[in-house]
Amino acid sequence: MEQYPSPDMDKYAGVLDRRFEALLIDGLLVSIGVGVLGFVAGVAFVGGSLGALGGTLVALQFGTPLGLLAYQTAFEGYYGQTVGKHYRDIVVVKSDGSEITWGAAVVRNLLRIVDGLPVFYLVGIVTSVTSDDNQRLGDLAGDTVVVHT
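Here the UniProt record's numbering is used: the first residue of the sequence shown is 1, the next is one more, and so on.
Keep in mind that the hints were calculated from the coordinates and are not lab data.
Be aware that a few hints might be false.
SDA-like mimics (lysine to any residue), calculated; alpha carbons at most 20 Å apart, straight line [as the list claims (entries may be wrong)]:
#1 Lys94 / Leu111
#2 Lys94 / Asp143
#3 Lys94 / Asp132
#4 Lys94 / Leu140
#5 Lys94 / Asp133
#6 Lys94 / Thr127
#7 Lys94 / Arg19
#8 Lys94 / Leu137
#9 Lys94 / Phe120
#10 Lys94 / Ser131
#11 Lys94 / Thr73
#12 Lys94 / Val129
#13 Lys94 / Asn134
Please build the complete structure, drawing on both the sequences and the hints.
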């Protein structure tokens, strides 16, 4: 994955489905990683299969949202895209087409919490569908857009 692939600023259209698919890919990757860590921690610190199951469930419940937030912020701040976005050929850039800053990556990803309200990313979906450049609340606050590469 190259750092900051060249964005095509004329390609706002059609990114909503790609964003959703990228989120599914990223969520799956993080869930697998967190689940494995939880399983290992459960065996190491509690012992036995019941401890491993409990450790895995606790890690998945609490670790996945936090892990996903950290993962997305780090990858977007450094590469401009996550693994899921890379495979769906989209990139996050500032609204003027320049590379996303770390500050913008933090802002846009912290607001995923609000975008996820009340359920199933409803705020993010409504904001993305109604904004001119398919921006969710986090994009608007971070002055970012997601475009095709």
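Hint check:
no. : hint           : verdict
1   : Lys94 / Leu111 : holds (16 Å)
2   : Lys94 / Asp143 : holds (6 Å)
3   : Lys94 / Asp132 : holds (15 Å)
4   : Lys94 / Leu140 : holds (10 Å)
5   : Lys94 / Asp133 : holds (12 Å)
6   : Lys94 / Thr127 : holds (18 Å)
7   : Lys94 / Arg19  : holds (16 Å)
8   : Lys94 / Leu137 : holds (14 Å)
9   : Lys94 / Phe120 : violated (26 Å)
10  : Lys94 / Ser131 : holds (16 Å)
11  : Lys94 / Thr73  : holds (14 Å)
12  : Lys94 / Val129 : holds (19 Å)
13  : Lys94 / Asn134 : holds (13 Å)
Checked against the numbered hints above, the structure breaks only hint 9 and satisfies the rest.
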